[in-house]
Amino acid sequence: MTKIRRILTVALLPLTLAATACSTGDSRAQLRDLTDRADLTALVDRLGGALDEGDFDQFRTIYTADATAKTPGGEAIGRDALIAQASRNHSPEERILHFISNIRIDITGDAAAVRANMLVGFATGDAPVPQAEYALGGVYRFDARRTPEGWRFTRVETAPTWAVGSRP
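In full-length UniProt numbering, the protein residues as written are 1 to 168.
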C-alpha cells in the first residue's frame with residue numbers, strides 16, 4: 001500500500017502542479033480584471049467630483065495629454081483644451097451635481113471602452129439649498145488607455161437623452 005501511494009504521488013505530482021499553475025494564472029487574470037474595473041470606475045467617479053467641485057486641474061490625472069471631448073459644451077482636442085472647456089461650462093456660481101451610474105466596462109488589453117449613465121442637476125442662488133433650475137440625463141462614453149501612471153481617458157463623449165428646465 002505504501003508503495004502504491006508513492007507511485008501515485010510521483011505520478012500525480014506533475015498534474016497537481018499543472019492544475020495549481022493554471023488556477024493561479026486564472027486567479028491573476030481575474031484579479032487584474034477586477035483591479036482594472038475598480039480603477040476605471042474610480043476614474044469616472046473622480047471626473048464627476050472634479051466637475052462638481054470645479055477642480056479641473058484634476059483632469060491632468062484623469063485624461064491623457066491628447067484626449068478629446070465632444071459634449072453639449074463643445075468639442076476639445078488636448079487635455080488643456082478640455083480643462084478650458086470645462087472651466088467655461090461649469091461656473092463657480094452654479095451648483096452642479098453629477099450622478100453617474102450603471103457603469104459598463106469592456107477591457108481589451110491596455111485599452112477600455114466605458115459607458116455610463118449620467119444625471120446632472122444645475123442650481124444657482126444664494127440660498128443654503130437652492131432649487132434646481134435645470135436637469136439633464138444622458139450617456140457618457142469614454143475610451144481609456146493604461147499608461148505608466150495608471151488608467152487615463154483618451155476620449156469622452158456625452159450624449160444628452162433628455163433635459164428639464166432652462167440652464168442657468
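Simulated from the structure, these hints should not be mistaken for lab results. Don't be surprised by glycine CBs; every beta carbon is placed ideally from N, CA and C. Some hints could be false.
Computed Cβ-Cβ distance ranges for the label pairs, DEER-style [as the list claims (entries may be wrong)]: (1) G73 to R32: 18 to 24 angstroms; (2) A38 to N89: 24 to 30 angstroms; (3) G78 to V164: 14 to 20 angstroms; (4) R32 to S166: 17 to 23 angstroms; (5) E149 to A29: 21 to 27 angstroms; (6) R167 to Q30: 40 to 46 angstroms; (7) P148 to N117: 16 to 22 angstroms.
Listed below are the simulated EDC-like cross-link pairs for lysine to aspartate or glutamate, each with C-alpha atoms no more than 16 angstroms apart in a straight line [to be verified]: (8) K70 to D80; (9) K70 to D126; (10) K70 to E157.
Checklist line | Numbers of unmet hints, in rising order | finding: Per hint list: 1, 3, 4, 7, 9 violated.
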